[in-house]
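Q: Sequence:
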Amino acid sequence: IKDLKMSLSKEELRPQVDKLIQRFLGLSEPSQSLISTAVRCLVKGYDQRKTVDKLSSYLDGTKAEKLTDQLFKNFVSDNDSKRKSRKRHREDEISEGKKSKPEEQPNLPVAGQPSPGQLTTMQIQEMMANAQRMIEERKKQMLMSGALSQVPSVSSNLISNTSAIISSTSNDASQSLSENKARIAQLTAMIQAKLSSKPTLLTNWKPDDSKQHKPAPLILDSEGRTLDMTGKEVHLTHHMPTLKANIRAQKRAQFKMSQEKVMEELYEQKFYDPRVSAKTFQRPRKSFKFHDRGKFEQLAQRLRTKAQLEKLQEEIAQAAKKTGISSATKLALIVPRKEYKEGEVPEVEWWDSYILQSDNYDKYNEESKLEGVTALVEHPIQMKSPCDASQPVFIPLYLTKKERKKLRRQNRREAWKEKQEKIRLGLEPPPEPKVRMSNLMRVLGNQAVQDPTKVEAHVREQMAKRQKAHEEANAARKLTAEQKREKKIRKLKEDTSTGVHVAVYRVLNLSNPAKKFKVEMNAKQLFMTGCVLLYRNINIVVVEGGPNQQKKFKRLMLQRIKWNEEQATKDGTEQGEKIENRCILVWEGTVVQRCFGDILFKLCPTETFAREFFKKRGVEHYWDLVYGMSILEASEDS
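Numbering (my numbering), first residue to last: 1 to 638.
The hints are simulated quantities; they were obtained by calculation from the structure and are not laboratory data.
There could be a bad hint or two in this list.
To be verified - The list that follows gives simulated cross-link-like pairs (lysine-lysine, DSS-like), each with its CA atoms no further than 30 Å apart:
(1) Lys-484 with Lys-578
(2) Lys-289 with Lys-256
(3) Lys-251 with Lys-232
(4) Lys-454 with Lys-478
(5) Lys-419 with Lys-484
(6) Lys-251 with Lys-306
(7) Lys-488 with Lys-465
(8) Lys-487 with Lys-515
(9) Lys-616 with Lys-384
(10) Lys-465 with Lys-518
(11) Lys-518 with Lys-468
(12) Lys-251 with Lys-261
(13) Lys-518 with Lys-493
(14) Lys-406 with Lys-384
(15) Lys-468 with Lys-417
(16) Lys-454 with Lys-487
(17) Lys-419 with Lys-402
(18) Lys-616 with Lys-524
(19) Lys-516 with Lys-422
(20) Lys-493 with Lys-406
Unchecked claim - Here are the simulated distance ranges between beta carbons:
(21) Lys-50 with Thr-237: 37 to 43 Å
(22) Gly-589 with Lys-516: 23 to 29 Å
(23) Lys-516 with Ser-36: 37 to 43 Å
(24) Ser-222 with Thr-305: 49 to 55 Å
(25) Thr-237 with Gln-192: 44 to 50 Å
(26) Met-383 with Ser-358: 34 to 40 Å
(27) Glu-565 with Thr-606: 24 to 30 Å
(28) Val-276 with Thr-237: 43 to 49 Å
(29) Glu-136 with Ser-222: 40 to 46 Å
(30) Gln-447 with Leu-425: 25 to 31 Å
(31) Ser-33 with Arg-611: 44 to 50 Å
(32) Lys-50 with Leu-243: 47 to 53 Å
(33) Asp-69 with Glu-136: 49 to 55 Å
Idealized CB from N, CA, C, for every residue including glycine.
Using the sequences and the hints given, assemble the complete structure.
A: Shown next, in the form of C-alpha cells:
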C-alpha cells in the first residue's frame, strides 16, 4: 500500500495529505501553504529532519515532529529507506575503493633504476615478507578459534599463489605492470571467495573461559609482600570508602588548580584586564557547603588569641591610666613585620620581636638588661558613636494626682506668706476686702444699711474689676495662633540627631486615589520624609521620622486604612488571579541619617528602574528585601 501511495502524483497525493492534516490539527480548513509544503517534502523525498524544519515555520516544534511522523508513517515506504541505505553502502564502498586506488599505484621509475616491468630484489623480498606475515597472522587466528583444520586449503592456496607470484615475477621480469595487477586482483578475489564460503570461521570462536577467568598466582616473599613474575614488589592501591562530599571537594580543588593555570595564561595576554568581570543575572544555585576538618578549631584558636591580646592591652591601658605616664607607647603601636598564612605559627611573636631584636627565642639572654621597657601603654581616645546623645537624657518624674494637689497647696501657701511679709513691712498696700453679694452685710455692716444701693454698686464694680483682671491674666498666658502652630510642630517633630527611625511597608494594590491621599497627607502632617514607589503588586512605602511619628503612621497603615476594600492580583497584572488587598510591614529599624526628602510618589516601569531609584540614595537593600519577599510568596502560592 505504501509503494502504491508513493507512486501517486502530486495532484493525487494532495487530498490524502489534506485529510491527514485535518485529522491531526482538528481543523475543517487547514492552511493551504502547510498542505503544499507537506506535499512538496514528500514528492521531493526529503528526510524527516528536513521535513520538520520546513513545517516548523507553520507549526511549533513538537507538532511539526508529530505531523512529520504521521506523514512518513502513511506515505513513505520501507523500500525507499532500504534503497537509500543500499545506496549509501554502495557509495561508501566506492569511496573506499577510491581511497585504496592511490595505494595500488606503483612508484614511477627514477633515473638509474629498473624499468616499471622489472622487479628488483628488494621488492621481491618485501613481497615474500608480507606474504609470510599474512600467513602467520592467519594461522594465529585459526589456532585461537580452534578451526585451523577447516581452512587448510586457504593457507596452502595462499602460500602456493604467493610463491607462484614471486617465481613468476622473478623469472619473467619483463612482463607488463598491467598483467601483475590483474593477477594480484584475481588472487585476492579467490581468497575472498573462499573466506566468504565459510562465514562462521571467525564468528564461532569463543575464548576459553577456564583459562581466561582463572586468577593469577599470588607470589609472596618471606616478609609477606606481594611480588610480580619478575620478583619486583607490587604496591597495591587500597580504596577506602568515602563520602561524596569529599569526592566533590577533591574535584573542586582540581578544578581550582586548572582555573589558576588558565588565569595565569590569561594574565600573560596583552589585552586581558582582570578588573573587568562578567556578572551573571541568574540566582546562584543553593547547595550544601561542607566545611573542611579543623576549620572551626582554627577559628576558635584565633578568637582565643585575640581575646588574650585584648585582655593584655586592657591591663596595660589601666596601668597607664592610673599613673598618667604616656612615654611608653611603642608597645601598643608594634605591628608584625611578616604576614603569616592562616594557621601558621611564627617563630617569634610580634610583641616579643621588638624586645628580643632577633628572629628566635633561643638567642634570648635572660641576663641582658631590658632598658626602657615598662608595663604602660597609651591608648587613643575613643570616638563617640554617632547615635549617642549630645546631652544627658533625664527621665522625668511623674507625680500622682494627690501628690500634685499637695505640691500646689504648699506652693500657694509659700506665696501667701511672702505677700503677708511684704504687707507687714509696708512694701505693698493691703488688698481691698473681697466683697461679694453673699457676704455684703457681714463685711460692710452699717454702711450697707445706710445706703444699700451705693454699696451694691460698689460691690458689683469690684466683682467686675476682679473678673477683668482674671480674664486679662488668662489672655496673657494664652498662646497666639503662631505660637500654637509652633508648639504643635515642635510636639510632632522629634529629634533625629541620634538616629532616624525607618519603616518599610508593602501594599499589593495602591491604585485608589483616596488611599494615596491619606498616605501622603498623613506623612506631611507628621513631618515625615520618605517615598512611595509604585510597581505592579510591589508598592513600597518608605517613611523616616521619630518613634512617635512612626507609631502614629504605623497605626494609620495597618489599622485605620481599610485596604481590603479593593482587590489585587498575585502577579500584579490585570489578567492575574484576584486576591484580597493588604498592607504588610516589611521592616522597621534605625539608621544614622535620612536618605529621602519630602514624601513623593514614583511610578516605575521595570524592576531595574525601581532598584536604580533606591540605589541613587544608597538604600537598594529596601527593594531587594521587598522583592525577595514577593518571590517567596509567589513560590509558596504555586
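Q: Does the hinted range 47 to 53 Å hold for Lys-50 and Leu-243 at CB?
A: At 50 Å between Cβs, range holds.
Q: Holds or violated: the 49 to 55 Å window for the beta-carbon distance between Ser-222 and Thr-305?
A: Hint holds: Cβ distance 53 Å, inside 49 to 55 Å.
Q: Is Lys-518 within 30 Å of Lys-468, Cα to Cα?
A: Judged against 30 Å, a Cα distance of about 45 Å means the pair is violated.
Q: Confirm or reject the claim that Val-276 and Thr-237 have a C-beta distance inside 43 to 49 Å.
A: Hint holds: Cβ distance 45 Å, inside 43 to 49 Å.
Q: Is Lys-465 within 30 Å of Lys-518, Cα to Cα?
A: Given pair Lys-465, Lys-518 is violated - Cα atoms ~50 Å apart, limit 30 Å.
Q: Given the hint that Lys-493 pairs with Lys-406, test it: the Cα-Cα distance must not exceed 30 Å.
A: 34 Å, violated
Q: Starting from Lys-454, check that the Cα of Lys-487 is at most 30 Å away, please.
A: 48 Å, violated
Q: Below or equal to 30 Å on CA atoms is what counts here, so check Lys-454 against Lys-478.
A: Not satisfied, since the Cα-Cα distance of roughly 36 Å exceeds 30 Å.
Q: Could you say whether the range 49 to 55 Å given as a hint is met by the Cβ separation of Asp-69 and Glu-136?
A: Holds, since Asp-69 and Glu-136 (Cβ atoms, about 54 Å apart) stay within the stated range.
Q: Between Lys-406 and Lys-384, does the CA-CA distance stay at or below 30 Å?
A: With Cα atoms ~43 Å apart, Lys-406 and Lys-384 exceed 30 Å; violated.
Q: Checking one constraint from the list: CA of Lys-251 to CA of Lys-306, max 30 Å. Satisfied?
A: 35 Å, violated
Q: CA of Lys-468 to CA of Lys-417, is that 30 Å or under?
A: 25 Å, holds
In this structure, the hints that do not hold are numbers 1, 3, 4, 5, 6, 7, 10, 11, 14, 16, 19, 20, 21 and 23, in rising order.
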